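Residue numbers (this note's numbering), protein chains in the order written: chain A, 188 to 623; chain B, 188 to 623; chain C, 188 to 623; chain D, 188 to 623.
The hints are simulated quantities; they were obtained by calculation from the structure and are not laboratory data.
Remember, predicted model here, so these are calculated numbers, not experimental data.
Treat the hints loosely; a few may be bogus.
[Said to hold, decoys possible] If you anchor each label on the Cβ, the simulated ranges turn out as follows:
hint, chain 1, residue 1, chain 2, residue 2, range
1, C, 434, A, 217, 37 to 45 Å
2, A, 293, C, 455, 21 to 29 Å
3, D, 261, C, 382, 42 to 50 Å
4, B, 417, C, 568, 20 to 28 Å
5, C, 381, B, 266, 51 to 59 Å
6, B, 417, C, 518, 44 to 52 Å
7, A, 457, C, 434, 47 to 55 Å
8, C, 369, A, 365, 25 to 33 Å
9, B, 457, C, 370, 27 to 35 Å
[As the list claims (entries may be wrong)] Here are a few chain D residues that sit away from chain A, every Cβ distance over 10 Å (derived from the structure):
hint, residue
10, 312
11, 335
12, 345
13, 387
14, 431
15, 479
16, 485
17, 538
18, 539
19, 567
20, 572
21, 577
22, 621
[Unchecked claim] Residues of chain C placed beyond 10 Å of chain B at every Cβ, according to the derived structure:
hint, residue
23, 211
24, 216
25, 221
26, 261
27, 306
28, 320
29, 332
30, 335
31, 378
32, 432
33, 436
34, 474
35, 516
36, 540
37, 611
Every residue, glycine too, gets a C-beta built ideally from N, C-alpha and C.
Chain by chain, the residues:
4 protein chains.
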Amino acid sequence: MNIAPPTLAVPARSNPDLALQYFAVRNTTEKLCSPLSADDQMVQSMPEASPAKWHQAHTTWFFETFVLTPCLERYQPLDPRYRFLFNSYYKQVETPQAPGGAAHPLRSIRGTFSRPTLEEVCAYRQHVDEQMIRLLESETDTNPELAALVELGLNHEQQHQELLLTDIKHAFWTNPLRPAYVDQPWEEACAEVAPLQWIDYEGGLFEIGHDGGGFAFDNERPRHHVYLKPFGMASRLITNREYLAFMSAGGYSQPELWLSDGWDAVQAGHWSAPLYWELRDGAWLAFTCAGMRPVAWNEPVCHISYYEADAYARWAGARLPWESEWEVVATGLPVAGGFLEGGRFQPRPALNLGGMSQMFGDVWEWTCSPYVAYPGYRPPESALGEYNAKFMCNQLVLRGGSCATPQSHIRASYRNFFPPHTRWQFSGIRLANECS
Amino acid sequence: MNIAPPTLAVPARSNPDLALQYFAVRNTTEKLCSPLSADDQMVQSMPEASPAKWHQAHTTWFFETFVLTPCLERYQPLDPRYRFLFNSYYKQVETPQAPGGAAHPLRSIRGTFSRPTLEEVCAYRQHVDEQMIRLLESETDTNPELAALVELGLNHEQQHQELLLTDIKHAFWTNPLRPAYVDQPWEEACAEVAPLQWIDYEGGLFEIGHDGGGFAFDNERPRHHVYLKPFGMASRLITNREYLAFMSAGGYSQPELWLSDGWDAVQAGHWSAPLYWELRDGAWLAFTCAGMRPVAWNEPVCHISYYEADAYARWAGARLPWESEWEVVATGLPVAGGFLEGGRFQPRPALNLGGMSQMFGDVWEWTCSPYVAYPGYRPPESALGEYNAKFMCNQLVLRGGSCATPQSHIRASYRNFFPPHTRWQFSGIRLANECS
Amino acid sequence: MNIAPPTLAVPARSNPDLALQYFAVRNTTEKLCSPLSADDQMVQSMPEASPAKWHQAHTTWFFETFVLTPCLERYQPLDPRYRFLFNSYYKQVETPQAPGGAAHPLRSIRGTFSRPTLEEVCAYRQHVDEQMIRLLESETDTNPELAALVELGLNHEQQHQELLLTDIKHAFWTNPLRPAYVDQPWEEACAEVAPLQWIDYEGGLFEIGHDGGGFAFDNERPRHHVYLKPFGMASRLITNREYLAFMSAGGYSQPELWLSDGWDAVQAGHWSAPLYWELRDGAWLAFTCAGMRPVAWNEPVCHISYYEADAYARWAGARLPWESEWEVVATGLPVAGGFLEGGRFQPRPALNLGGMSQMFGDVWEWTCSPYVAYPGYRPPESALGEYNAKFMCNQLVLRGGSCATPQSHIRASYRNFFPPHTRWQFSGIRLANECS
Amino acid sequence: MNIAPPTLAVPARSNPDLALQYFAVRNTTEKLCSPLSADDQMVQSMPEASPAKWHQAHTTWFFETFVLTPCLERYQPLDPRYRFLFNSYYKQVETPQAPGGAAHPLRSIRGTFSRPTLEEVCAYRQHVDEQMIRLLESETDTNPELAALVELGLNHEQQHQELLLTDIKHAFWTNPLRPAYVDQPWEEACAEVAPLQWIDYEGGLFEIGHDGGGFAFDNERPRHHVYLKPFGMASRLITNREYLAFMSAGGYSQPELWLSDGWDAVQAGHWSAPLYWELRDGAWLAFTCAGMRPVAWNEPVCHISYYEADAYARWAGARLPWESEWEVVATGLPVAGGFLEGGRFQPRPALNLGGMSQMFGDVWEWTCSPYVAYPGYRPPESALGEYNAKFMCNQLVLRGGSCATPQSHIRASYRNFFPPHTRWQFSGIRLANECS
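Can you build the whole structure from these sequences, using the hints too?
The following block contains the structure:
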């Protein structure tokens, strides 16, 4: 899939950078939807996932609610009921149209919204885009607060691009026909990956968190000190071949390797391999965005939960890194790797370059850090304070981005987070240990 | 909505009646889908319901599986995987394509089948229709067994027409926008309905069950004797106005009026009115196929469970009829009333004609008879034995058809059945009592 | 266990029969509890079961609520809070003590009532017994309504004696130590049972239901006509050996043998044998009231659900009897068989006597009749109307009593009822068929 | 209740300290059980709680499994099946007696174990105590590893003493009679508590974790550096009066005050007050170990979840402390407060002494620190590695002990942990903030 930036005639006098970014991001969403029929865009295959059409509408709702409504004089919504319908979880957004006083519809029934139709949602996107042009033309260069809101909306839409991909991958997998999202030839990466190296790092007092230049989410702030002991970190991600050794050694049947909640999840979910793996006639296949494929043994293992990453690390005599360790290592490294823009939507084997590799892109790396506020953190005032703060419980931090993350969206201080049983994201393993 | 029979050029030499019927029924399904977008046809708003697209595909699958495959030489399926994908519950249908050995996909995930797309399902319908023409042209006039299978397939498709309507009504109701399926002006029926009359019937030995002429389902046979005590039956259905009196008298908060399981259902579901009723600013509205409307007080009450029908009857000092009583009364009456063909999809008030009225059409009438086999019943050999027999437990019989039933589909001996908590069908109340 | 009638000095002037019966029944309950520690009498191993202490208290509550309170002047309860605490499900019993307005405590938390202690519950029994003596001395011979209430209370307590046994059997089975309730040597019945014979019965018009002499529950009335086709009935119950043949033939893995809901129950519960059976080192054991024992192959199969009885019958080319057929056959036969009084609490093999055998006692026999009201049935006024009427839905009728039923409690017209998935009662199979 | 240390004749030649401790701890457990009948000791009122009898048996099992079996030559268990029956969650303990290969019985059915009876469990305790004397007489003074195991067993039993109390409190609360565990007069603490003061602390690099002297659990190690910003901490716990202000201000109905999972818990559990509070006739009562009492407004608020503590802090413009902050503040303070030994089992109001108060005892203080391993942590080899390590996920740390904690059991480095929705422990609130 070609996810190259669009060529658009952007109006002359507007804040050119922001407008260009706006159209690039919005256009990418639509490109990601282009292989999908109206039927496809309706599927919600589990409560945690959302239909593609909903992602298209909700990202638009974000601009309408947080940018156009407060900032554009006399803004007329296309349909005032959308303000209620496409709210995800912002309880402080006032929605007089809500029947029964509900602040927003239940997440689990997003798949039953056939109306507005896809066509109407596309019209909604167009309506908001037109009004955004009006606004970007007139104001953003002189109004840094507005520019910040637009930038937030764009980063929000980029997050939903990744979710749209992981959600549709899950949706297609629940279909017994196992359709492909992208049509691409399968080629087993032939080169062997280099043996895993341990790279040691000094301990001491470090600063982590966003340092102020460029966009960052509130949860990356404030920058603050952490004290680290010396530690080692693996030079690359764990491969499917290495993970298979864990499976073959009975990893899924030895409770002593697992957290208590993790073992319960193994039993309840009958887990015996990563999500999307399937044993057919003695050979392991995996469902990918290009359909069912033989497992590529040199690729990083993917679609595993925190519990599995943790159990693997324990089996391997190591541990997962703290998010602070990860950030210390990643800081200064180039943001290079397999990203959404590559259009492959599948992690790639490590290149044999020496040094630390695969820190960005390919798969999100589970850390052993629970997702909590940084010392001194304060959420933004207003409904936007609900963006991150209220989720700081029962989740673990993941770092580095994946093959479904836009390259421009990721950075060393970026904190992603999911509950520990989550498997449908592109999530994998990098090991750490105490320095020997 | 105009559900008039289609005008089709039916091939000359085929069994003309059966071919005409075939196209009439198939065409009606497509007409019923015509107001629905591809998005709409994806929605499964509860496990018991199915998406419209699935109804279109499954009724086609029925002809392919039970007619074309066994009867048409060298029949080539459009896609052999559909044999698995669109099986509803026939465990004896062999499906070599089934992954994991499953006989058919789980009912609860029908809403996640975005592929085949609506367009592909329409092509599937067309493919099967073309092959059915080939078959109907050549064989049915000389092959009564084949004709019987085709007739069964048509009655099967008519059953799904009703389900398609009740399912899409429920789907639209779960959408906060409450869209309308048909666009029609609302007119409160102005004439008052006549007071309910009790009509007495003699007791004695009767025969019930299908008597052999024309099509009937296996569950209507064999015809057999029943002994009835004298009984009375109400001359018309219970109206919304009468049901409101039950509500106003505290019907939903008096456990002594309810079956034990019924009271549990009231508590668990927070029932305080029929399904689809909503109190807004002191006025009762109801969701109809034409959107939210004020409750029409003279119409029969509808979308109530067996538990509610039973509690109402107890409150009214009466009871529900046995299915045998109902059939004795209905036998010989004309099959007249509001049916699917009327395109209104909403029950109508009783006309003041005197005598027994509203026995057919408008709403299904809950009887107090559990759905069991008639004495001497034997299910058909083969997978078609699963059509009715295996559901003869935990359900109650309903009689008479509804405003969503095709008129040609219903008869005095027809037995519909649903679990007692079911509310999304067009189901209402006719009272009976012991003869005074 | 010796369950012989007690020898009690019954006060001289009272209604001697009723008083004797009263003490015999009350004493039997206490004998049944005598092997149980205070700990044992606390266990509630599933929501449908109740602790033995609760059975002791609730049967006492019944006399207090329905006999002493209305009939004995100046009756003083031992503790007025018990009126609320030991109500099972009578929502019309006024209980001013109920916190939160609840009519009775949730059934599922009966196992958390440690107070009143067993000692206090025994004192409660004694208190009520003393007051009952006062009442029986003075009034019952001249007051037939009171005598009828006492008789109802005694039959109620007999029903709870059976439940007490089946509940404690289940409770002990959930204990990994699998303790025995009675200590008795195991002896495999050595005599072979005779081959199953089919006995044919004429069809025609019959009367069933209680005919008026002696005690009967409201649900056995009114006596009424039924029309039966000629039918055959098996001369004895199905044995464990015969049921094993069904299992060996793959009975639990062929969906075509099962009702749809039954198949779901098999899958959900991982059923592959009767409840309490366990395969150890290739041999089938069963949990009995005397602990784990090898399955006795000539005994009637027991602890099976309606679904299993129905599937077995289908596999055997037969069906289960209608309750009307069963009653027609049983009427006039002696009430002989293995009952609670035998103290064995395990069904016995059929004797080879010729003719119809095992109709009473040993195991309850599933019929294919849903539990519904007889034509013309009216529940009693007052809270006692809740005794049977509100359960007439979603249950099947069982007939004949079991090895845990008091012999004096059962008769040809007696109707027991349980939901179709129920397995913890002593329930088994008698086959019927269409007359050849 | 008098929980004073017992006076026991301890054998002369044994390790006197350890033997004295052993008997003191074991005796305290039995004193705690002395108000409980056999019935009481059976109750398991929710899956997270355990019956008192089980606590008595399991703490004994711990000594048998981890001390007697490996360390006492020719140790003969009283009943080898207890090794399986009273294992809580140690999957690495070999239990050949386990039916079905299970490593230990399901936690949720502990309330169905009526056998062994209470009497038998007491005999089990005595048996193990006698063997422990034999061992303590002979070996512990010369065997530091054994002494460490015994010390662990004693600390383990102390933890279960607290659980036994909180579990029986919950059990009695589910009983509609609301019985009292201890009989003590209620006296509202009359003195007003002093206003809450903020005490500021310097930031910088600190060491936390156990420093090596005396007993500590593995999870308190290793001692390590943390970097803290300057912070403030409240001088005392939040009172019931202060918490009522939060309730009156609509705290339970404003989603913006809550974590997302917390808000879900409020909705699902219909929370509107701390656990055990009840509004009767306009006055707030609370269930205590002495029965229902008016809420004592000056006592610390208690029986609240992490979600409620977090929401209260947000409403109050503050936050909860990090566990590192708490430990820095607590280090060096005397371990004084209301403990289990006081026999009151209810937190006490703060004394007006100035400075930091109530850091130990009375209520556990929720911190905002997820329960994770300290840097460099390694669990013990063997099954004892399961004691703490496998629970390091989805839980929050609590500090300081409660009125149900033995005084000798608590210290500044002690880490307790529970899931964030937990309410049945004696858990309350201390606020922290960023230093102004």
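### Query
Which hints, by number, does the structure contradict?
Result: hints 1, 3, 6, 7, 8, 9, 20, 21 and 22 break, sorted rising.
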